[in-house]
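Two chains, two frames, a set of hints: combine them into the complex.
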Amino acid sequence: METRILNITILVSLIIAVIIIYFFVSIIRYHRRYMRLQREKIFAEITIRENERKRIATDLHDSLGPLLSAVKLNISSVDVLHETDRVILSKTGGHLDEIISSMRRISHDLLPNTLERRGLLEAIREFINQVNTKQSVNIQLYIVKEIKIPKEKEIHMFRMVQEIVHNTIKHAQARTLQIGFSEESGHLLCLTRDDGKGFDKEKALAGSHGLGLRSLESRCEILNGILTLDSMPGEGTNYFIKIPVN
Amino acid sequence: MRSFIIFLFSQSILLPFIAGLVRLNRLGRTYRPFFTLLLIGVLSELVSRYLIRVAHITNAASSNIYALLEWLAIAWQMHVWGLLRSRKTLFYILLTGVALGWVTENIVLGHIREFSPYFRFFDALLIVLFSVNKINFMITHDNRNLLKRPDFLICIGLIIYFIYKIIYEWAYQASIVGQSDITTNIILLFGYINALTNIIFAIALLLIPAPQKFTLR
Numbered sequence: 001m002e003t004r005i006l007n008i009t010i011l012v013s014l015i016i017a018v019i020i021i022y023f024f025v026s027i028i029r030y031h032r033r034y035m036r037l038q039r040e041k042i043f044a045e046i047t048i049r050e051n052e053r054k055r056i057a058t059d060l061h062d063s064l065g066p067l068l069s070a071v072k073l074n075i076s077s078v079d080v081l082h083e084t085d086r087v088i089l090s091k092t093g094g095h096l097d098e099i100i101s102s103m104r105r106i107s108h109d110l111l112p113n114t115l116e117r118r119g120l121l122e123a124i125r126e127f128i129n130q131v132n133t134k135q136s137v138n139i140q141l142y143i144v145k146e147i148k149i150p151k152e153k154e155i156h157m158f159r160m161v162q163e164i165v166h167n168t169i170k171h172a173q174a175r176t177l178q179i180g181f182s183e184e185s186g187h188l189l190c191l192t193r194d195d196g197k198g199f200d201k202e203k204a205l206a207g208s209h210g211l212g213l214r215s216l217e218s219r220c221e222i223l224n225g226i227l228t229l230d231s232m233p234g235e236g237t238n239y240f241i242k243i244p245v246n
Numbered sequence: 001m002r003s004f005i006i007f008l009f010s011q012s013i014l015l016p017f018i019a020g021l022v023r024l025n026r027l028g029r030t031y032r033p034f035f036t037l038l039l040i041g042v043l044s045e046l047v048s049r050y051l052i053r054v055a056h057i058t059n060a061a062s063s064n065i066y067a068l069l070e071w072l073a074i075a076w077q078m079h080v081w082g083l084l085r086s087r088k089t090l091f092y093i094l095l096t097g098v099a100l101g102w103v104t105e106n107i108v109l110g111h112i113r114e115f116s117p118y119f120r121f122f123d124a125l126l127i128v129l130f131s132v133n134k135i136n137f138m139i140t141h142d143n144r145n146l147l148k149r150p151d152f153l154i155c156i157g158l159i160i161y162f163i164y165k166i167i168y169e170w171a172y173q174a175s176i177v178g179q180s181d182i183t184t185n186i187i188l189l190f191g192y193i194n195a196l197t198n199i200i201f202a203i204a205l206l207l208i209p210a211p212q213k214f215t216l217r
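One line per chain: the protein sequences are V and B, in this order. In terms of my numbering, the first sequence is residues 1 to 246. In terms of my numbering, the second sequence is residues 1 to 217.
Looking at chain B on its own, in the form it has when it is part of the complex (with noise of 0.2 angstroms):
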C-alpha cells in the first residue's frame, strides 16, 4: 500500500501538466517557461522509471541534468514575469553564472553520478528569493484578488516545494552518515509536499484567464 501512495505522488507531476495542456491555448509567453518546466519534470520522471526499474542504474545523472533544467526553466519563468526586465545583462550573467557552478560541480568536480547537494541548495534559495520577490511585489501593487492570480499561486508552491527541498537535501546527507527517525520521516514526507506542490501548480493553470482580444469590429 506504501509503495503504491508513493508511487500515486510520484506521478502527481502529470496533474499540472495535463491542466497545462488542457489550456494550452491561453498559456501565452507569459507560463510558456513554467509550461515547459512541467514537461521537463515529466519527462525526467519517465527517464527515472526507466533507468531505476529496467535498466537498473542510479537516476542520479539523469536527476542533475533535471536540476539545471530546472533552474533554466525558472529563472526564465521569472524573468518573463518582470525579474531584472530592465537589466538584461545582469540577467544572464545570473543564470550563466548559476550554470556555471552547476557544470563545475557535476562536470568538473565528477560528481554528476553523485547527488550532490551544493548546487541543489543554491538553485533553491535563489528560486526561493525570486518567489518571495515576486510576491511581495505583487502584495504591494495588485488590488485584485491574489488567490485567484496564477502567478502568486505558483510562487507559493514554489516557496514550500524549494523551502522542503532543501531540508530534504540535508537530511538525505545526513542519511548517508547515518539514517535517524527524523531524516527518515523528512525523506518520506517529500513526497507529500511534491504531491501537494503540484496540485497547487495545476489549479494556478486552470486559473489562467483567457486572453483578452481587443478588436474594433
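Looking at chain V on its own, in the form it has when it is part of the complex (with noise of 0.2 angstroms):
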C-alpha cells in the first residue's frame, strides 16, 4: 500500500513538473512567433510605405514634371503686345518655375534620385551637401571604409540616416554632427555622435518623440541589424548602427 502511495506521489509529481515545464516552452514558442509576426507587419508597413512615396516621387518627376514644363514653354513662346500681359506672363513663368522647382525638391525627399542611381553613400553625401547649405548645424560625414549594400537595404539605411539627421536638427541644438561609415566583417557600421544638450531616452520614448525612435528601430529590425543609443541630458547623442550586409 505504502509502495502505491509512493508511486503515485512520484507519480504527482512528475506530472506538476510536466505541467511546469510545458507552460514555460509554450509561452516562449509563442512569444517568439509573436514577435516574428509583430517583425512582419513592421516590414509590410514600412514597405508599403516606401513603394507607395517612390510611386508619388515617379508620377511626381515623370507626370507632373515634364507637363509643368509643357507649359512654361507654352507660356513663353506667346506673343504679348502689351506691357501689363507681359508683366503678367512673367510673373506666371516664375511661379511656374517655384512650383517645378518645388515637385522637384518635393520628389527627391520622397526617393533620391541619386540613391537610385549612384548608392547609399553618394546619396548621403548629397543630403548631407545640402542640409549644410540651408541648416546651422555643421555635419561632417567620414567614410573609413567604401561598401556596397544590398539595394533593398540601401532606401531603409538612408531613411535612418535621415532621421538622425533630422532629429539633431530638430532637438538636439547641436553644432556639429559627425556620421562615419565603415565596415567589419560583413557588416555595415554606422556611428553618429553631435555634441547637443542630449536627452533622456526613457522619456522621449513615452512622449511625442518616441515615435522618430520607433522608426528607426524598426528599420533596424527590418534590416536585422542593432541599434544602440547613447544619450544623456548635457552629453550629447551618439547612435551606433550595424546591419548584416552579406
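Keep in mind the hints are simulated off the structure, nothing from the lab. It is possible that some hints are incorrect.
Below 35 angstroms or equal to it, Euclidean Cα-Cα: the simulated DSBU-like pairs (lysine-lysine) are [to be verified]: (1) V/Lys242 - V/Lys134; (2) V/Lys148 - V/Lys54; (3) V/Lys41 - B/Lys148; (4) V/Lys145 - V/Lys201; (5) V/Lys203 - V/Lys242; (6) V/Lys148 - B/Lys88; (7) V/Lys242 - V/Lys148; (8) V/Lys203 - B/Lys148; (9) V/Lys170 - V/Lys41.
Taking beta-carbon pairs under 8 angstroms as the criterion, some of the chain V residues facing chain B (in silico) [what the hints assert, rightly or not]: (10) Glu2; (11) Ile8; (12) Thr9.
For every residue, glycine included, the Cβ atom is placed at its ideal position computed from N, Cα and C.
Given below as C-alpha cells:
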C-alpha cells in the first residue's frame, strides 16, 4: 500500500513538473511567434510606405514635371503686345519655376534619384551637402571604408540617416554632427555623434519624440541590425548602427 | 454549520449553469460544449446525491462516468477553440486514446466501482496543458483586455481546478492508507476550490458578448 502511495506521489510530482515545463516552453514558443508576426507587420507597413513614396515621386517627376515644363514653354512662346500682359506672363513663368523647383525637391525628398543611380553613400553625401547649405548644424561625413550594401537595404539605411539628421536639427541644438561609416566582418557600421544637449531616452520613448526613435528601431529590425542609442542630458547623443550586408 | 457549507459548495455548479441558461441565446457553437459540461455536472451532482442519500451506495461508478464525459466535453470545447483544428485525425486519435484508457482502467481492470486515480491524473494533465496552450495563444495574439474574455477566464478556472484535482487525488489515495492533517485539509479545501472555479465560470458565461449581426439593411 505504501509503495502505491509512493508511486502515486512520484507520478503527481512528475505531472506537476511536466505542467510547469510545458508552461514555460509554450510561452517562449508563442512569444517567438508573436515577435515574428510583429516584425512581418512592421516590414509590410514600411515597405508599403516606401512603395507609395516611390510611386508618388515617380508620378511627380515623370508626369507633372514634363507637363509643367511644357506649360512654361508654351507661356514663354506667347507673343504679347501690352506691357501689363508681359509682366503677368513673366510672373506666371516665375510661379511655374517655383512650382517646378518645389516639385523636384518634394520628389527628391520622397525618393532621391542619387540613391537609385549611384548608391547609398553618394545619396548621403548629397543629402548632407544640401542640409549643410540650409541649416546651422555642421555635418561632417567620414567614410572609413567604402562598402556596397544590397539595393533593398539602401533605402532603409538612408531613411535612418535622414531621421538622425532631422532629430539632431530639431531637438539637439547641436553645432556639429559627425557621421561615420565603416565595414567589419560583413557588417556595415554607422556611428553618429553630436555635441547637442542630449536627452533622457526613457522619457523620449514615452513622449512624441518616441515616434522617431521607434521608426529607427523598426527599420533597424527590418535590416536584422542592431541599434544602440547613447544619450544623457547635457552630454550629446551617439547612435551606433550595425547592419549585416552579406 | 460545516455540513451546510459543504452542501452549499457542492451546489455551486448551479451558479455557472444558471448563468449559462441566462446567456443561452449567446452561447452559439463557441461555448456550447462548455455548457454541455455544466449540464453533465449538474446531472452528475443529482445522481451522486441520490446514490448517497437515498440508495445508500457509493457514487464511484457515476463519478467515473462523469470523469469520462468531462474529458470528452472539455476536449471538444478546446477543439472548437482551435486545438488541433487543422489536424482533425490527430484530435480524434487523442480523444479516443484517452477514452480507451478510461475503458481499460474502469471496465477491463474492473475499477469502475472504485475511485481509481490514474485516468483522472492523466486527463487532468491533458486539460491543464490544453488550457495553458490556449492562454499562451491568447496572450500573444490578442490585443484586447483578456480578463473580459470568457474563454480566458474558463481556461484559468480549468487550470486552477485540475491542478488542485491532481493534488486532491493524491491526498485521497494517501488518506486510504492513513489519514493525516495534510490530506484531510487538502480534501476539505477541494470544496472551496470547486466553488471558486464555479464562480469564475459563472462570470465567464455572463461576459459572453451578444452575437454580431451583419446585415446590409
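Hint check:
For the given pair, lysine 242 of chain V sits about 29 angstroms from lysine 134 of chain V by alpha-carbon distance, which is consistent with the 35 angstroms threshold. Of the supplied pair hints, the one linking lysine 148 of chain V and lysine 54 of chain V holds, its CA atoms being roughly 22 angstroms apart against a limit of 35 angstroms. As the CA atoms of lysine 41 of chain V and lysine 148 of chain B are separated by approximately 26 angstroms, the hinted pair is consistent with the 35 angstroms bound. Among the hinted pairs, lysine 145 of chain V with lysine 201 of chain V is consistent with the structure: their alpha-carbon atoms are about 30 angstroms apart, no more than 35 angstroms.
Note on lysine 203 of chain V and lysine 242 of chain V: the hinted pairing holds, with a Cα-Cα distance of about 25 angstroms set against a maximum of 35 angstroms. With a CA separation close to 51 angstroms, the supplied pair lysine 148 of chain V and lysine 88 of chain B exceeds the 35 angstroms bound. The straight-line distance between the Cα atoms of lysine 242 of chain V and lysine 148 of chain V is roughly 14 angstroms, inside the 35 angstroms bound, and the hint therefore holds. Pair hint lysine 203 of chain V plus lysine 148 of chain B holds up; C-alpha atoms about 31 angstroms apart against a cutoff of 35 angstroms.
Our distance criterion of 35 angstroms between C-alpha atoms is met by lysine 170 of chain V and lysine 41 of chain V, whose separation comes to about 29 angstroms. Checking glutamate 2 of chain V against chain B by beta carbon gives a least distance of about 6 angstroms; that is within 8 angstroms, so the hint holds. Annotation: interface hint on isoleucine 8 of chain V holds; nearest CB of chain B at approximately 5 angstroms, less than 8 angstroms. Taking 8 angstroms as the C-beta cut-off, the interface hint given for threonine 9 of chain V holds, the closest approach to chain B being about 6 angstroms.
Consistency with the previously given hints fails for number 6 only.
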